[in-house]
Amino acid sequence: MSPITTKFIQLKTAVPGPKSQEMLAKKEANVPRGPSNTTPAFVAKAEGALLTDLDGNTFIDFAGAIGSINAGHCPPAVVEALKAQLDQYIHTCFHVMMYEPYVQLAEKLNQITPGDHPKKTFFLNSGAEAVENAVKIARKYTGRKAIISFERGFHGRTLLAMSLTSKVRPYKYEFGPFAPDTYKMTYPYYYRAPYGASPEETDAEVLRRFEDFFLAEVAADNVAAIIMEPVQGEGGFVVPSKTFVQGVKAICEKYGILFIADEVQTGFGRTGKMFAMEHYGVVPDIVTMSKSMGAGVPISAVTGRAEIMDAPNPGEIGGTYGGSPLGCVAALKVIEMMEQDGFLDRANTIGDTILKRFGEFKEKFAEVGDVRGLGAMCAIELVKDKASKEPNKELTVKIVQACYQNGLVVMSAGLYSNVIRILSPLVITDEQLEEGLNVLENVLAGLCTPNR
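Note that my numbering has the sequence shown beginning at 3, numbered continuously upward.
Please note that a few of the clues may not be correct.
To be verified - Distance condition first, Cα-Cα at most 16 Å in a straight line; then the derived EDC-like pairs of lysine to aspartate or glutamate:
hint, residue 1, residue 2
1, K186, E219
2, K21, D57
3, K358, D432
4, K142, D183
5, K358, E437
6, K110, E341
7, K110, E318
8, K9, E433
9, K122, E309
10, K142, E318
To be verified - Between beta-carbon pairs, the in silico distance windows are:
hint, residue 1, residue 2, range
11, V33, E436, 45 to 53 Å
12, V33, E203, 21 to 29 Å
13, D387, K9, 33 to 41 Å
14, R159, P201, 30 to 38 Å
15, G283, E82, 17 to 25 Å
16, N315, Q342, 54 to 62 Å
17, G320, P452, 56 to 64 Å
18, G344, R210, 19 to 27 Å
Hints in this document: simulated from the structure, not taken from any laboratory.
All of these numbers come straight from a predicted model, not from anything done at the bench.
Where a beta carbon is used, it is the ideal one built from N, C-alpha and C, also for glycine.
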């Protein structure tokens, strides 16, 4: 390929370049196949919304480490906080000798998560760990065992989290048996609603099915919790209605079931609110968080009503590295950034820009079947034609590859692997966003059929 140079994208070599290819060979020799990779490149430097690989090629980042970098790559305030912490101590284990940042961050999350009731928070390392522990706490508090999640939901790859997840390949195939007392309910997918049902009809039918479910599958008084993503992430950025989310909460209240909001991908500004549940006017009993919480430093949290969180006895929850000092100081700085005037508004501005362009793509290209999003959590769904809505996984794979070859990092998602999802850092500039969207449009123009 000829070198590509724009204001931000600089491809000095065909990609992957020779240094990345050398590392790829070492990776294949030393790392198992299981951990997948979106791009065949190795990063040398990352800043804001830009990634530079070992060969000096610079890309615009629309993947944001799968939504972990809302605050941008290497935000200066976070970097400085980490450097200062390294000079004090790296880790003492909170279970051995406690440290202030843990308590400070717990206090902060208790303040900013939805609801003004008394809350308590503890910390872990990953989203999957947060989910596992939220379920443990819910079961301990209620004395019940069953947990309900939703079709197309993603909650992690550990045993219980994988059991709650709803996609066989690549997450569950041949990894069974799965954790018992986990059940799936329907989550509205308005674009693919059966029999041409309206969103209102879809919501009503899905909510009605809960009553049948409690008769046919598991009694309501055996259900400890319902866990829900406010916007499905890996499931394809499917956005439910306020009616649906409030309806699920009403069912929980009717039967004494706890409502767990999985905000691992939606939290910390991605949807234009600090937490996506704020869009629906619903206060969860428990919230799980991770990803963008620490600007790339591993940390996760479970925040819930104080009486619920106090159900486990000392030693029944926790972990050696949970709530590391580095993760805590990083998260405190991330929250400080996001509480500044205009930061969350910026997410909405980014989302408006993306959805406007995506709407134009839908008008231009026959294979762009649906456009959806909430805040800066936006996606397009690729189909073989708009009439049948048959998923087009093959085209999606080609689009992801072509974007990378032209200096843009994007990711796919969805039960059918036919969705392009955008998780760009929220510090992306208008010019970087426009340049990235132009690359995506050029790729679509080269691979899609023009609308007639």
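Evaluation of the provided hints:
1. K186 x E219: holds (10 Å)
2. K21 x D57: holds (6 Å)
3. K358 x D432: At roughly 14 Å apart (the allowed maximum being 16 Å), D432 and K358 satisfy the hint.
4. K142 x D183: Within the cut-off at roughly 14 Å; holds.
5. K358 x E437: holds (15 Å)
6. K110 x E341: holds (11 Å)
7. K110 x E318: violated (24 Å)
8. K9 x E433: holds (9 Å)
9. K122 x E309: This hinted pair holds, its Cα atoms lying about 8 Å apart.
10. K142 x E318: holds (10 Å)
11. V33 x E436: 45 to 53 Å: Violated, at about 36 Å.
12. V33 x E203: 21 to 29 Å: Violated - the Cβ-Cβ distance for V33 and E203, about 48 Å, lies outside 21 to 29 Å.
13. D387 x K9: 33 to 41 Å: Cβ of D387 to Cβ of K9: about 36 Å, so the range 33 to 41 Å holds.
14. R159 x P201: 30 to 38 Å: Hint holds: Cβ distance 32 Å, inside 30 to 38 Å.
15. G283 x E82: 17 to 25 Å: Between G283 and E82, where Cβ atoms are some 37 Å apart, the hint is violated.
16. N315 x Q342: 54 to 62 Å: violated (40 Å)
17. G320 x P452: 56 to 64 Å: holds (57 Å)
18. G344 x R210: 19 to 27 Å: violated (42 Å)
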